[in-house]
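Engineer: Given the sequences, and given the hints that come with them, work out the whole structure.
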Amino acid sequence: MKYNSYRSEKIAFTILFAATFLVVLPVIFIILMIIQKGYSVISWEFLFTMPAKGMREGGIWPAIVGTLYLVLGTLIFALPLGVLSAIFLTEYAKNNALTRLVKLAIINLAGVPSVVYGLFGLGIFVMFLKFGASILAGSLTLAIMVLPIIITTTKEALESVPQSFREVSLSLGTSKWETIRFSVLPYALPGILTGVILAVSRAAGETAPILFTVAAFYLPKLPESVFNQVMALPYHLYVLSTQVPNVDIRLRYGTALVLLMLVLSLNLMAIVVRAKFRKKKKW
Amino acid sequence: MSLKNFKEALIEKIIFLSGIASIILVILIFIFLAKEGLSLFKSVHLGDFLLGRRWHPISEPPQFGVLPLILGSLFVTLGAAVISVPMGIASAIYIAEVAPPRMKEILKSGIELLAAIPSVVLGFIGMTTLVPFVKHHLNLPTGLTAFSGSVMLAFMAMPTIVSIAEDALTAVPQKYKEAALALGATRWQAIHRVILRAASSGIVAAVMLGIGRVVGETMAVMMITGNAVRMPTSLFQPVRTLTATIAAEMGETVRGSAHYHALFAIGIVLFVITFVINLIADWAVHRKLK
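Protein chains in written order, with this note's numbering: chain P, 1 to 283; chain F, 1 to 290.
Do not rely on the hints blindly, as some may be mistaken.
List time: in silico DMTMM-like cross-link candidates among lysine to aspartate or glutamate, alpha-carbon distance up to 20 Å [to be verified]: (1) P/Lys-276 with F/Glu-112; (2) P/Lys-94 with F/Glu-8; (3) P/Lys-94 with F/Glu-12; (4) P/Lys-279 with P/Glu-156; (5) P/Lys-276 with P/Glu-159; (6) P/Lys-130 with P/Glu-224; (7) F/Lys-7 with P/Glu-178; (8) P/Lys-130 with F/Glu-252; (9) P/Lys-103 with P/Glu-159; (10) P/Lys-103 with F/Glu-12; (11) P/Lys-221 with P/Glu-45; (12) F/Lys-13 with P/Glu-178; (13) P/Lys-176 with P/Glu-91; (14) P/Lys-94 with P/Glu-156; (15) F/Lys-177 with P/Glu-9; (16) F/Lys-7 with P/Glu-91; (17) P/Lys-279 with F/Glu-105; (18) P/Lys-276 with P/Glu-156; (19) F/Lys-13 with P/Glu-91; (20) P/Lys-103 with P/Glu-91; (21) P/Lys-103 with F/Asp-282; (22) P/Lys-176 with F/Glu-12; (23) F/Lys-42 with F/Glu-60; (24) P/Lys-103 with P/Glu-156; (25) P/Lys-103 with F/Asp-167; (26) P/Lys-37 with P/Glu-9; (27) F/Lys-177 with F/Asp-167; (28) F/Lys-4 with P/Glu-178; (29) P/Lys-276 with F/Glu-8; (30) P/Lys-221 with P/Glu-57; (31) P/Lys-176 with P/Glu-159; (32) P/Lys-37 with P/Glu-178; (33) P/Lys-176 with F/Glu-8.
Simulated from the structure, these hints should not be mistaken for laboratory data.
Structural biologist: Following this line, the structure appears as structure tokens:
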């Protein structure tokens, strides 16, 4: 009996181990494959020149620039709104129905499919507010999509600042906002930064929300205003893989590699910031 | 009122407005989907839309039956769930309860890495590896099938399922496990008879959110399921999902046309499905707290 239950434990643990490795191994395989097949096209020219010959040659510079603009635009809208929203939830909100509703809304925003964000952006920003397909419309759409990421990470960061910091500050006669501004926010900054980096990584990698709000198939020149369309890395990879026949496969892998490296290095940065923050914390 | 008080009051107003912005945004999303989508039903019956078997948006007269698309999404989602739910929960158990600390960190980073890979990159890799593999080894005319989509989506749902289920398992009080072990249970008996049961609500939430992710996934699905609009009868043929239809067709529609409104109506269907899934997940989590 004893022997049997230990043997079944061994079998069970082996199965669990196998399942986990079946999940994790392909991740490593995919990343290594993209690096191996993509690195040979990566060059100064590939990164910093315009596409040529129907995108079958040349570089991906406009897609890189477009993604940078979009990410910047996304942050301009999502960062203040997300941080203030998190401040509301941790510092001001009472335990009532409204707060519960706000939390439910955030959970739902996080669950809305990315293509539905694209529809919403098309309906409100492109058509209703008449921004047209533009950096402005695309950034606003992406900003709403990453808002839940910034709110939840900022909220965690604010909650990790000890209550005594607030009490000491308030006891010295400062107002509630001054307390938050000078005694809470500075200590939550690394946590907020983690959220920002993760939001940037998400915004840089998403395709569906920008399909109808900003992304352009091909543009001969770089954007000049926020009302211009741009090319973007994820959409460019989609276009190269499905819309343009007879593209050198290495060009596709090269584009995938640049996008992957951008996103993974951002995530790595978030991990490092978080780890440093945890180590430095002295309270 | 002094200037300082005024400033304080102003800031509080701004913070309050930002706080409820999420509610406003959810409502706005619904309003704008409804505004553009519901106009379809001036010319098309709701029943013909939801149960119609033909999606021919640009033929004359156009037909807007989304049943093949709903079934396409359902096939791909069920296929993905069959693979990802057992594997995801197994991985969560291994990471939370069995793996030694260092291994645990490595595996968790691996899962986080997977969550970070953009869906268009996974779609691209699916096209170059999974699709030819399925075609070749299952002897099919094309590898662009619901099955390929299910496999890729199962993989993409993994980070959601594993991380939330792992949190749920870790949140089970240590004393439950200790009590089971003290009574002479093996570690495995303690896991599957005590810990898994105690964490069941969180695991339900993990599964629901994972399914929500699968239903809403767009790019990878569009790139590897073949996009054939017809009533699916098997997992091993090309299908078209709800999400892929919007993404593939919106670029070519005339703004304001019936086709344009029909794509927004599909958006409403997706929004409602994910909303319900999220509500169930939220309900599961809060049931646990009681």
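Engineer: Next, verify each hint and record whether it holds.
Structural biologist: Consistency of the hints with the structure:
no.	hint	verdict
1	P/Lys-276 with F/Glu-112	holds, 18 Å
2	P/Lys-94 with F/Glu-8	holds, 18 Å
3	P/Lys-94 with F/Glu-12	holds, 14 Å
4	P/Lys-279 with P/Glu-156	holds, 17 Å
5	P/Lys-276 with P/Glu-159	holds, 18 Å
6	P/Lys-130 with P/Glu-224	holds, 18 Å
7	F/Lys-7 with P/Glu-178	holds, 11 Å
8	P/Lys-130 with F/Glu-252	holds, 19 Å
9	P/Lys-103 with P/Glu-159	holds, 15 Å
10	P/Lys-103 with F/Glu-12	holds, 19 Å
11	P/Lys-221 with P/Glu-45	holds, 16 Å
12	F/Lys-13 with P/Glu-178	holds, 15 Å
13	P/Lys-176 with P/Glu-91	holds, 9 Å
14	P/Lys-94 with P/Glu-156	holds, 17 Å
15	F/Lys-177 with P/Glu-9	holds, 15 Å
16	F/Lys-7 with P/Glu-91	holds, 17 Å
17	P/Lys-279 with F/Glu-105	holds, 17 Å
18	P/Lys-276 with P/Glu-156	holds, 16 Å
19	F/Lys-13 with P/Glu-91	holds, 13 Å
20	P/Lys-103 with P/Glu-91	holds, 14 Å
21	P/Lys-103 with F/Asp-282	holds, 10 Å
22	P/Lys-176 with F/Glu-12	holds, 9 Å
23	F/Lys-42 with F/Glu-60	holds, 18 Å
24	P/Lys-103 with P/Glu-156	holds, 13 Å
25	P/Lys-103 with F/Asp-167	holds, 19 Å
26	P/Lys-37 with P/Glu-9	violated, 42 Å
27	F/Lys-177 with F/Asp-167	holds, 16 Å
28	F/Lys-4 with P/Glu-178	holds, 10 Å
29	P/Lys-276 with F/Glu-8	violated, 34 Å
30	P/Lys-221 with P/Glu-57	holds, 16 Å
31	P/Lys-176 with P/Glu-159	holds, 16 Å
32	P/Lys-37 with P/Glu-178	violated, 54 Å
33	P/Lys-176 with F/Glu-8	holds, 8 Å
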